[in-house]
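Mapping the sequence shown onto UniProt numbering, position 34 (from 1) lands on 34, and the numbers just tick up by one.
One should not assume that every hint holds.
Listed below are the simulated DSS-like cross-link pairs for lysine-lysine, each with C-alpha atoms no more than 30 Å apart in a straight line [said to hold, decoys possible]:
id: 1; residue 1: Lys-35; residue 2: Lys-161
id: 2; residue 1: Lys-117; residue 2: Lys-161
id: 3; residue 1: Lys-140; residue 2: Lys-161
id: 4; residue 1: Lys-140; residue 2: Lys-35
id: 5; residue 1: Lys-118; residue 2: Lys-186
id: 6; residue 1: Lys-65; residue 2: Lys-117
id: 7; residue 1: Lys-186; residue 2: Lys-35
id: 8; residue 1: Lys-140; residue 2: Lys-65
id: 9; residue 1: Lys-140; residue 2: Lys-118
id: 10; residue 1: Lys-118; residue 2: Lys-65
id: 11; residue 1: Lys-35; residue 2: Lys-118
id: 12; residue 1: Lys-161; residue 2: Lys-110
id: 13; residue 1: Lys-65; residue 2: Lys-110
Pairwise CB distance ranges, derived in the manner of DEER restraints [unchecked claim]:
id: 14; residue 1: Ser-28; residue 2: Lys-140; range: 22 to 32 Å
id: 15; residue 1: Pro-3; residue 2: His-198; range: 38 to 48 Å
id: 16; residue 1: His-198; residue 2: Arg-66; range: 34 to 44 Å
It is worth saying that the hints were derived from the structure and are not from the lab.
Note that CB positions come from ideal geometry on N, CA and C, so glycine has one too.
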Amino acid sequence: MAPPRYESEDVSAAPLGQPLEFAFSGRSAPNRFLKGAMTERLSSWDPENLPARGVPSERLINAYKRWGEGEIGLILSGNIMFEYDHLEAAGNPIIPVDAPFEGERFENFKRMATEGKKHGMLMVGQVSHPGRQVESRIQKNPISASDVQLEGNVMGMTFEKPRAATEQDIARIIEGFAHACEYLEKGGWDGAELHGAHGYLLAQFL
């Protein structure tokens, strides 16, 4: 049985088609539609060779090309990670803290932005660290705000008991977020969002 509908006055949807100005950056989205951050898991993956992980694939680049063609004013990426072995899932795009602003990885991130923006849209990267919420098969020694384990089975995934992050860990994580944001900016992206929800590392401190 369908849920009841609540009556309301008819209102114009025209504002959704109006530009949205972002004062701090000086950028403008052509309309007020936003593609939410949805994990894609379409980047390279190698179970043994860590530096081979996380390079955006042609399929991923094409996905952003298609979203751009759909004229979604602001296109928000799925999880972009910055450590090879602290991931939301295999196939995440990765910007390692030592990644140079050149080479295949950088060029493919640039192509993601170029294709998504070709029709005037804005591209924003969601930068994330999973903390304790990293699958056991990927990381046996996760870090978190404390040593409290995420128990149970979540969509087929189980998680190891974490250790509390040290000051050195936190400094490395801050550097990882900062480098990823700079990398995206140099690659032609319009902004970055630090993922602070859904149980990932920043949320573990809240």
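Comparing the hints with the structure gives:
1. Among the hinted pairs, Lys-35 with Lys-161 is inconsistent with the structure: their alpha-carbon atoms are about 34 Å apart, more than 30 Å.
2. Between Lys-117 and Lys-161 the CA atoms are separated by roughly 41 Å; this puts the pair beyond 30 Å, and the hint is violated.
3. Taking the CA atoms of Lys-140 and Lys-161, the gap is about 8 Å. The hint holds against a cut of 30 Å.
4. As the CA atoms of Lys-140 and Lys-35 are separated by approximately 33 Å, the hinted pair breaks the 30 Å bound.
5. Taking the CA atoms of Lys-118 and Lys-186, the gap is near 17 Å; set against the 30 Å cutoff, the hint holds.
6. As the CA atoms of Lys-65 and Lys-117 are separated by approximately 8 Å, the hinted pair is consistent with the 30 Å bound.
7. With a C-alpha separation of about 22 Å, the suggested pair Lys-186 and Lys-35 falls inside the 30 Å cut-off, and the hint holds.
8. Using a Cα cut-off of 30 Å, the hinted pair Lys-140 and Lys-65 is violated, with the two alpha carbons roughly 36 Å apart.
9. Between Lys-140 and Lys-118 the CA atoms are separated by roughly 41 Å; this puts the pair beyond 30 Å, and the hint is violated.
10. Restraint check for Lys-118 and Lys-65: the C-alpha separation of about 8 Å stays at or below 30 Å, so the hint holds.
11. For a cut-off of 30 Å, the pair hint linking Lys-35 to Lys-118 stands: about 16 Å separates their Cα positions.
12. At roughly 37 Å between alpha-carbon atoms, Lys-161 and Lys-110 are farther apart than 30 Å, so this suggested pair is violated.
13. A distance of roughly 12 Å separates the Cα atoms of Lys-65 and Lys-110; the hinted pair therefore holds under the 30 Å criterion.
14. Here the CB-CB span from Ser-28 to Lys-140 is close to 46 Å, at odds with the stated 22 to 32 Å.
15. Distance hint check: the CB atoms of Pro-3 and His-198 are about 26 Å apart, inconsistent with the given range 38 to 48 Å.
16. A hinted range of 34 to 44 Å is violated for the C-beta pair His-198 and Arg-66, which are about 25 Å apart.
When each numbered hint is compared with the structure, violations occur for hints 1, 2, 4, 8, 9, 12, 14, 15, 16.
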